[in-house]
Amino acid sequence: SQQGEEDPQALSIQEGENATMNCSYKTSINNLQWYRQNSGRGLVHLILIRSNEREKHSGRLRVTLDTSKKSSSLLITASRAADTASYFCATDISGNTPLVFGKGTRLSVIA
Amino acid sequence: GEEVAQTPKHLVRGEGQKAKLYCAPIKGHSYVFWYQQVLKNEFKFLISFQNENVFDETGMPKERFSAKCLPNSPCSLEIQATKLEDSAVYFCASSPPHFVAKNIQYFGAGTRLSVL
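Taken in order, these protein sequences are the chains called L and V. For the first sequence, my numbering begins at 2 and goes up steadily by one. For the second sequence, my numbering begins at 41 and goes up steadily by one.
Quick caveat, the hints were computed from the structure, so don't treat them as lab data. Check each hint, because a few of them may be wrong.
[Unchecked claim] Derived CB-CB ranges, DEER-like: (1) L:ASP67 x V:LYS80: 33 to 39 Å; (2) L:ALA112 x V:PRO111: 24 to 30 Å; (3) L:ALA82 x V:PRO48: 47 to 53 Å; (4) V:LYS49 x L:ASP8: 19 to 25 Å; (5) L:ARG55 x V:GLU55: 31 to 37 Å; (6) V:VAL78 x L:THR28: 40 to 46 Å; (7) V:LYS49 x L:ALA82: 44 to 50 Å; (8) V:GLU97 x L:LEU76: 24 to 30 Å; (9) V:LEU124 x L:THR68: 37 to 43 Å; (10) V:GLU97 x L:ASN31: 35 to 41 Å; (11) L:SER69 x V:VAL52: 22 to 28 Å; (12) L:ASP67 x V:LYS123: 38 to 44 Å; (13) V:GLY56 x L:LYS27: 34 to 40 Å; (14) L:LEU76 x V:ALA121: 42 to 48 Å.
Cβ coordinates follow ideal geometry from the N, Cα and C atoms, glycine included.
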C-alpha cells in the first residue's frame with residue numbers, strides 16, 4: 002500500500018520562483034529519497050536523506066526531514082522551465098528493500 | 041550497460057493474451073526491482089531479485105504474474121491471461137550492492153502495457 006502523500010498534487014509557478022513540495026509518510030524509515038519523472042519517462046534519483054539527517058542540499062535542491070512529524074519537503078530554488086516534471090518522494094525501511102512512493106506532485110514551471 | 045534497458049517500450053495485448061516484458065539492469069548491479077505505475081501516479085512494488093534469486097515478492101499478485109532473472113539474460117516479467125486492469129506502465133529498476141549505494145534505484149524508461 003502507498004505510504005507517502007505529497008502535497009500539493011499540482012503546482013504551477015513562474016520561472017525563477019522557488020517551488021516547495023511536501024511529503025508525509027506513515028511508518029519508521031531508513032532513507033527518504035526524491036525522484037523526478039518527466040512525462041513518459043522513468044524516475045531519476047535527485048537526492049537522498051537518511052533518517053538521522055535533518056537537511057541536505059544538492060545544487061538548487063534542498064531537502065528537509067522531520068522524523069517526529071514523519072514529513073519531508075523538497076525545495077527547488079530559482080526554478081527553470083526544464084524543472085517541469087512530476088516529483089515523488091520514496092521511503093525505505095532498510096537497504097535494498099522496495100521503495101514506497103507517494104502519489105507525486107506535478108510541477109509546471111512557466112517561462 | 042550504463043542504463044537500465046526495458047523492452048518493448050509499448051506492448052498491446054488482447055484480454056486473455058500473454059505479455060512478457062524484459063529488463064536489462066545496469067552492469068554490476070545486483071538488485072532488480074519491478075514496479076507497476078497506474079494512471080501516472082501510484083507506484084506499486086511487485087517483486088525484487090538479488091542476482092537470480094527472488095529477494096522480495098510480497099507485491100506480486102498470486103496468480104498470472106511471474107518473473108525471472110537468469111544469468112546472462114535480461115530479467116523478465118510475464119503476465120499470463122492479461123486483464124484490462126493490468127494496463128499500466130511497468131518499470132524496472134536496478135541498484136548496486138547495499139554497501140556501494142544507499143538503496144538508490146536506477147529506473148528504466150518503462151514498458152507501457154495496454155490490454156484491450
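Going through the hints against the structure:
Look at ASP67 (chain L) against LYS80 (chain V): about 28 Å separates their beta carbons, and that is not inside 33 to 39 Å. For ALA112 (chain L) and PRO111 (chain V), the Cβ-Cβ distance of about 49 Å falls outside the hinted range of 24 to 30 Å, so the restraint is violated. ALA82 (chain L) and PRO48 (chain V) have their C-beta atoms about 31 Å apart, which leaves the hinted 47 to 53 Å range violated. The hint said 19 to 25 Å for the Cβ distance between LYS49 (chain V) and ASP8 (chain L), and at roughly 32 Å that hint is violated.
A C-beta distance of roughly 50 Å is found between ARG55 (chain L) and GLU55 (chain V), which places it outside the suggested range of 31 to 37 Å. Range check, VAL78 (chain V) to THR28 (chain L): about 22 Å between beta-carbon atoms, so the 40 to 46 Å window is missed. Taking the beta carbon of each, LYS49 (chain V) and ALA82 (chain L) are about 26 Å apart, not inside 44 to 50 Å as hinted. As the Cβ distance of GLU97 (chain V) to LEU76 (chain L) is approximately 37 Å, the hint placing it in 24 to 30 Å is violated.
In this structure, LEU124 (chain V) and THR68 (chain L) meet the distance hint of 37 to 43 Å, their C-beta atoms being roughly 41 Å apart. The hinted window of 35 to 41 Å between GLU97 (chain V) and ASN31 (chain L) is violated, with their beta carbons roughly 20 Å apart. As the Cβ distance of SER69 (chain L) to VAL52 (chain V) is approximately 48 Å, the hint placing it in 22 to 28 Å is violated. A hinted range of 38 to 44 Å holds for the C-beta pair ASP67 (chain L) and LYS123 (chain V), which are about 41 Å apart.
Restraint check, GLY56 (chain V) to LYS27 (chain L): a C-beta distance of roughly 38 Å satisfies the suggested window 34 to 40 Å. Range check, LEU76 (chain L) to ALA121 (chain V): Cβ separation about 47 Å, and the 42 to 48 Å hint holds.
Going through the hint list in order, the structure does not satisfy hints 1, 2, 3, 4, 5, 6, 7, 8, 10, 11.
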